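**Q** When you get a sec, could you build the whole thing from the sequences and use the hints?
Protein chains in written order, with full-length UniProt numbering: chain A, 1 to 396; chain B, 1 to 464; chain C, 1 to 262.
Don't read these hints as lab results, they were simulated from the structure. Since the model is a prediction, treat every value here as computed from it, not as a measurement. A hint or two may mislead.
Taking lysine-lysine pairs in the DSS-like style, the calculated list, with each CA pair at most 25 angstroms apart, reads [said to hold, decoys possible]:
no., chain 1, residue 1, chain 2, residue 2
1, A, 322, B, 271
2, B, 321, B, 271
3, A, 335, C, 259
4, A, 122, C, 260
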Amino acid sequence: MSYLKINHDKITAENAEDLMKICPFSAITYENGRLEIGAGCKMCKMCVNKGPKGAIEFIKEEAPSVDKSLWKGITVFVEHDEGRIHPVTLELIGKARELAKVTGQPVYALFIGFNIEDQAKKLLFYGVDEVFLYDSPALKHFLILPYANVFTHFINQTKPSSILVGATHLGRSLAPRVAARFRTGLTADCTVLDMKENTDLVQIRPAFGGNIMAQIVTPRNRPQFCTVRYKIFSAPPKQETPRGRITRMEIEEKQLKDTMQVLDIIRKPKDIDISDADIIVAVGRGIKSQADLALAEELASLLGAQIACTRPLIEAGWFDAKHQIGLSGRTVKAKLIITLGISGSVQFAAGMRNSDCIVSVNKDKNAPIFDVAHYGFVGDLYEIVPAFIQQMKEEN
Amino acid sequence: MDYHKVTEQELRRLREIIPEDRILTGEEIGEDYSHDELGGITNAPEVLIRVLSTEEISEIMKYANCQHIPVVVRGSGTGLVGASVALHGGIMLETTGMNRILELDTENLTVTVEPGVLLMELSQFAEENDFLYPPDPGEKSATIGGNISTNAGGMRAVKYGVTRDYVRGLTVVLPTGEVIKLGGKVVKNSSGYSLKDLMIGSEGTLGIITEAVLKLVALPKVSVSLLIPFADMDAALEAVPEIIKSKAVPTAIEFMERGTILFAEEYLGKKFPDSKSDAYILLTFDGNSLEQVERDYDTVAKLCIDRGALDVYIVDTDERKQSVWSARGAFLEAIKASTTAMDECDVVVPRNRVADFIKFTHQLAQEIGMRIPSFGHAGDGNLHVYLCRDEMEEKEWQKKLDTVFDAMYRKAEEYHGLVSGEHGIGFAKRRYLSRQYGEAQMRIMRGIKLAFDPNGILNPGKVV
Amino acid sequence: MNILVCIKQVPGTSNVEVDPVTGVLKRDGVASKMNPYDLYSLELAMCLRQQHGGTVDVITMGPPQAKSSLLEAICMGADKGCLISDRRFGGADVVATSYTLSQGIRKMGQYDLILCGKQTTDGDTAQVGPETAEFLNIPHATNVQEITEAEDGFLTVRITMDGFAQVQKMPLPCLLTVEKNINTPRLPSYRRKCSVNPDGISVFSLADFEDKNEGHYGLSGSPTQVERIFPPEKNLSKEIYEGSGNELSQKLFDLLLQKKFI
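**A** The following block contains the structure:
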């Protein structure tokens with residue numbers, strides 16, 4: 001049991017005042033000559049480190065650690081949609097291989113679904129030592145309890161040291177459920193992963209809206225879980241010949257039974273509000289005619305982007321008002337926004353300047369859009385976009 | 001009036017003053033430059049010059065004055081009465097490139113800016129330095145030059161006043177090219193006629209503002225809005241004089257009708273937090289602590305409930321303010337999107353007459369058969385009334401427009417109100433101004449215009 | 001239907017400053033507010049109550065000041081609130097927090113439905129919901145967009161998955177985390193504010209829980225440890241390219257490839 005110990009003999013009215021100021025959570029109170037630490041305490045230890053020496057001590061009593069030598073291997077959970085493997089899976093396998101080099105442990109893949117054996121073979125081209133396959137009609141769709149039961153079964157059977165899960169909607173639902181079942185650590189949305197020789201996984205993630213990075217470990221428990229978003233790591237190149245093996249796993253039927261039931265899968269993409277879009281292609285008056293919008297639309301569909309526009313195009317009746325970016329329209333915060341033929345009025349810029357990556361194509365190199373763009377392309381969109389689309393198609 | 005045309009010869013001379021890449025002619029001038037936000041009147045300038053300094057403007061004016069070429073100044077073009085439209089062609093000076101914040105004087109609590117600084121840039125700059133620039137007109141992308149030229153008011157006028165109250169000094173280029181400095185950082189000034197105050201609200205007809213010294217106040221740390229639903233508009237508006245009488249001093253008191261809220265919901269594709277009631281008033285309180293602000297709003301909340309408010313909703317966090325004020329900010333665009341064409345009336349009446357005037361517009365709408373939605377600053381008596389064309393034929397529309405405007409301005413006059421609260425006279429409201437002010441006042445105004453601009457080259461055809 | 005909504009008090013602005021050395025929030029002038037994502041779950045709960053009857057209660061874990069978020073929820077329409085507060089909960093990670101919350105929920109009573117926001121603005125992990133459901137031994141679903149039916153001890157919900165939506169039947173009791181922007185949360189009512197009794201909020205500490213083992217809570221009950229805190233690298237690149245159409249399109253292609261957009 002770790003706790004903060006107040007050494008009351010070292011507390012005076014003056015240093016109590018100091019301690020109250022030091023605590024960022026206003027958790028320290030001093031009443032009737034007695035210092036108390038309240039429920040606001042987040043154990044940040046500021047009072048220990050910055051307060052009067054010896055006034056408050058951190059007493060550390062480590063809980064016992066598991067025997068880490070009994071837990072081996074790095075497992076990647078295979079994210080897929082009815083067999084189609086999500087690219088985040090390959091990215092995680094690539095990272096797992098790097099991490100495995102430090103400890104010399106194997107890389108596993110956990111593949112749960114129905115009719116997925118052929119797909120499983122594909123994974124052997126990316127450097128997985130062993131794919132554990134749970135293949136059953138009951139596992140055709142994701143349902144939390146059967147999937148969690150399978151995951152639990154897998155962990156109990158193979159005792160992996162680390163488990164990497166894609167931070168997809170499914171992964172972010174399943175991983176915490178299983179981590180809680182083993183009462184072990186799970187770090188969400190890691191951007192950097194590293195491995196210590198003692199098999200502790202070093203996990204770095206942004207905290208407080210990206211204002212700070214935190215390095216997190218799970219020193220006493222196994223397995224150690226983390227989730228990683230798509231496109232954080234790079235997928236390894238496909239190898240010429242497959243290696244590793246596929247192991248079919250069996251689990252009791254009753255573990256797969258559930259009162260939950262999938263009624264429908266709706267493929268039709270919901271009309272995404274551009275405010276929530278990750279990728280946006282925005283067009284302005286540089287597009288000469290309504291027919292030319294097809295160019296922008298093709299680009300958008302190749303990038304999986306939403307299409308947006310400036311106010312004049314709304315006024316021209318080319319778009320519905322819901323597509324307008326700007327002060328009198330929507331504010332967007334995209335991961336990528338490509339502006340085509342937009343000069344960049346303040347009204348427009350105010351609605352998109354907080355996007356992570358702003359790429360702008362415009363003929364006029366003095367256009368104000370280049371003040372907000374991270375990457376400015378001074379040129380004719382009618383030359384650049386078709387050539388780009390052409391290349392995208394060839395590469396595919 | 002006859003003005004000199006801008007031909008190749010004039011352009012050659014202008015290129016000696018201004019680098020060629022900042023001089024645009026013919027097709028190069030975007031279509032935007034021939035109208036303002038409401039677009040009722042359209043005419044393109046012959047040449048558009050992107051000016052960057054007082055000296056440049058002075059040189060251009062000297063030349064234009066000699067040659068008798070009309071000159072119009074334009075900021076962001078967000079005006080609503082056609083004041084920045086080049087009615088007679090000629091030269092248009094665009095000031096948006098003069099957008100530097102020149103000095104923050106924390107000893108005199110002033111900020112000195114060029115005219116092309118945008119309102120939103122100025123308010124952000126002030127806030128970053130722990131100050132508030134109180135004037136808060138709805139159009140945040142307007143330039144400060146434009147704000148001063150119309151004496152823009154905005155939402156916070158109830159507590160903080162209007163742009164005029166925050167202009168300490170101006171640097172002005174006269175139509176003759178002479179440069180004068182009016183006012184300064186001084187707090188008091190009784191040195192002769194206040195030419196500075198004549199410049200404010202003169203809509204670009206007397207001189208060209210090239211620098212402004214503005215007053216700042218300390219930034220209030222907390223602000224909370226209240227959204228108060230009433231069963232009908234009468235009940236809502238009748239509560240407003242009581243609120244003012246209570247001396248609680250909100251920064252803003254806005255009123256809104258359910259219909260307008262529904263347009264904004266449609267326009268933004270987002271639901272308003274509450275649209276069950278027919279009428280709402282929206283108030284904001286600011287201060288230095290939550291306790292103080294809560295004390296202030298408590299009085300008003302109780303008062304409103306006593307006056308029949310259905311409830312009082314507290315709008316205290318960023319998300320809540322966003323959900324309410326984004327709708328308020330979209331009203332103009334939303335009404336515009338709801339109809340085929342529209343015109344606006346920006347009358348201001350004494351605050352205890354707001355309810356009567358709005359009732360009158362409702363009556364008028366019924367009688368004439370025209371949709372007349374409105375919203376506005378109930379707390380300062382400045383109403384924004386919108387006349388919607390919808391499915392009317394052009395002829396019918398023009399005829400009804402005249403009738404309605406006429407009736408509204410007469411009613412405003414009867415209530416001792418005035419033609420414009422904050423949008424100005426420009427081109428669109430001239431005849432209503434001269435009708436209300438009468439010959440004596442108009443003669444003085446024309447005399448002032450003549451004293452500043454003997455050749456009548458600066459923004460001809462506007463205001464007087 | 002009796003519903004419990006889990007809420008959290010978070011820093012009032014998104015521009016929270018963090019001390020880069022200690023990783024601790026700079027508290028000067030930082031007011032608190034209810035986690036914005038919780039507003040959607042609270043609104044959903046109240047809509048369900050309107051349709052199906054029952055009650056909406058709220059629970060939070062935090063310092064004594066977190067009571068104000070419970071009162072705010074009551075002003076918005078919740079029936080009653082419960083604060084879980086104890087110094088021994090300090091320093092809890094996701095597992096310890098979820099476990100503490102599950103103990104508090106058990107103590108509060110039987111609920112048909114437990115709702116959470118999809119994540120918080122300060123922690124951003126989106127894990128507390130699923131972990132709490134595990135500790136309560138009830139099923140869960142995350143990112144719920146809509147509840148289309150509720151009858152006979154079942155809910156039909158539509159949840160966001162990657163590239164599709166899944167409609168599923170959930171048995172009650174269960175826990176759902178609610179997608180953002182699915183509704184417009186109502187505003188707190190001044191009328192309710194005037195009538196709410198601040199003392200009517202129950203407060204539970206460790207002593208009230210079924211599991212009183214201190215080792216399961218706070219820092220001691222947290223399997224993860226923060227080893228180090230450091231400021232992120234700032235990447236403020238700005239590049240302007242000129243050239244022929246083909247050169248620029250190649251450049252654009254390389255850029256998007258490098259940034260993993262294609």
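**Q** Now, for every hint given, state plainly whether the structure supports it.
**A** Now for the hints, and whether the structure bears them out:
{"no.": "1", "hint": "A:322 / B:271", "verdict": "holds, 14 angstroms"}
{"no.": "2", "hint": "B:321 / B:271", "verdict": "holds, 14 angstroms"}
{"no.": "3", "hint": "A:335 / C:259", "verdict": "holds, 10 angstroms"}
{"no.": "4", "hint": "A:122 / C:260", "verdict": "holds, 22 angstroms"}
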